[in-house]
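Q: Work out the full structure, taking the sequences as your base and the hints as a guide.
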Amino acid sequence: MPALLQFILIGLAVIALLGVVLEDVIHVNKAKVTLFLGTLSWFLLFIFHDAGHEGAVNEGFLENISEIASLWLFLVAAMTFVAYLNQKGMIENLIHLFLPKKISERRLLFLTAIFCFVFSSLADNITATLVSVTLILSLNLSTKKTVRFATLVVFSVNSGGVSLITGDVTTLMIFLADKVSILDLLMLSLPAFIAVLALAILLSRGMSETVHVQIRRTDVRGVDLAIAAIFLTTIIGTIVSNVLFNIPPVLTFLLGLSVMFLVARFYGEDEDETPILEYIRVIEFETLLFFLGILLLVGMLKEIEVLDALVRMYEVMPPVVANYVMGILSAAIDNVPLTAALLKAGIVMTEAEWLGLTYAVGVGGSLLVIGSAAGIVAMSKVSGLTFGSYARYSFLLLIVYTVGYAASMFLAETVLGAG
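Every letter in the sequence shown is one number past the one before it in the numbering used here, and letter 399, counting from 1, is 399.
In case anyone wonders, no lab produced these hints; they're calculated from the structure.
Be a bit skeptical, because a hint or two may be false.
What the hints assert, rightly or not - List of simulated lysine-lysine pairs, DSS-like, C-alpha gap at most 25 Å:
{"no.": "1", "residue 1": "K102", "residue 2": "K32"}
{"no.": "2", "residue 1": "K302", "residue 2": "K344"}
{"no.": "3", "residue 1": "K344", "residue 2": "K179"}
{"no.": "4", "residue 1": "K179", "residue 2": "K302"}
{"no.": "5", "residue 1": "K344", "residue 2": "K32"}
{"no.": "6", "residue 1": "K381", "residue 2": "K144"}
{"no.": "7", "residue 1": "K88", "residue 2": "K32"}
{"no.": "8", "residue 1": "K145", "residue 2": "K381"}
{"no.": "9", "residue 1": "K381", "residue 2": "K32"}
{"no.": "10", "residue 1": "K88", "residue 2": "K101"}
{"no.": "11", "residue 1": "K381", "residue 2": "K88"}
On a predicted model such as this, the values are computed, not experimentally measured, just so you know.
A: The following block contains the structure:
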């Protein structure tokens, strides 16, 4: 491959990364930047590749696009379910079902942590953050306390997603690469939850007042309950079918989505103002397009063999330490391209170490408010939440991240080592 072409392609990847980091400065949507540069890089690779390598480039592209398609379809199905349930007010009803009209700030802090942790394992992080932040803003707390709650939401949402493929894109990516199994991923839920509770304890200092909660209820119809049941059945079915028959999760979720459409038609939902298929339009396609662009770029970098630098870090330090460092780096570098690059780099690790990496890249982005989608969404909704106000809690976040990572590795090594 011509050195000039390789230099240009690496430059495009760097520009894309800068576009993600500086999105709020340049005011250009990161999905537009990464999608343009990702497609352009492959376009250039097809045109200026070495003579006789047409087949290799085409094969690399088809492999890349196949992996992306599987991820995309899974996310479309999962996000459509959540979009429907959220639009119908079922998620808000669920929150208010467990909240009394008067509650202490400390107790509310712990309930918020638990809800975010559980809900984010079933829904995407953006939806989980939006719902949780909306609840916090309705409480009319002081700016300082609102920022404290928002910080807990970001960490809890990111922690909740690491143990289920429905909860975090990086977890799904590592699973689809056959590095971990669904059942073993569930082990991460305990150490992740311990870390969330530890942060709630640290943040609860000085929380002694009583909060008055405005209870709002939305009427729930039979079709809404049926679709909620289909969603939960699909999640359980995804785990069971993969363990017993090795059925890809994307197939199970597409089956569940099709059942959702048919059940809605049976109930006459398609006769409403918003037909059931319209909920596909509601999902965060901006996020999906961002993933598409990023994964195209990472696939290109693999094709031109520049991912070896990541492998070298694993050559100079133990995988346990390298994974921990990668988690911290994910606070500054988007965890999706970081994870994709690690998976493409051909790093050899035990399943316990892959589980450690899953926790690290899933939760490490919480260390900075710009390090995860949850943090960026929270910052856009909470006026007092800035890079600086969030950074005041970065040391506490580093402590609980370290506790969670250490507990994850200990549990994984104990269980898998014994097995």
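Q: Checking each numbered hint in turn, tell me which of them this model violates, lowest number first.
A: 1 and 7
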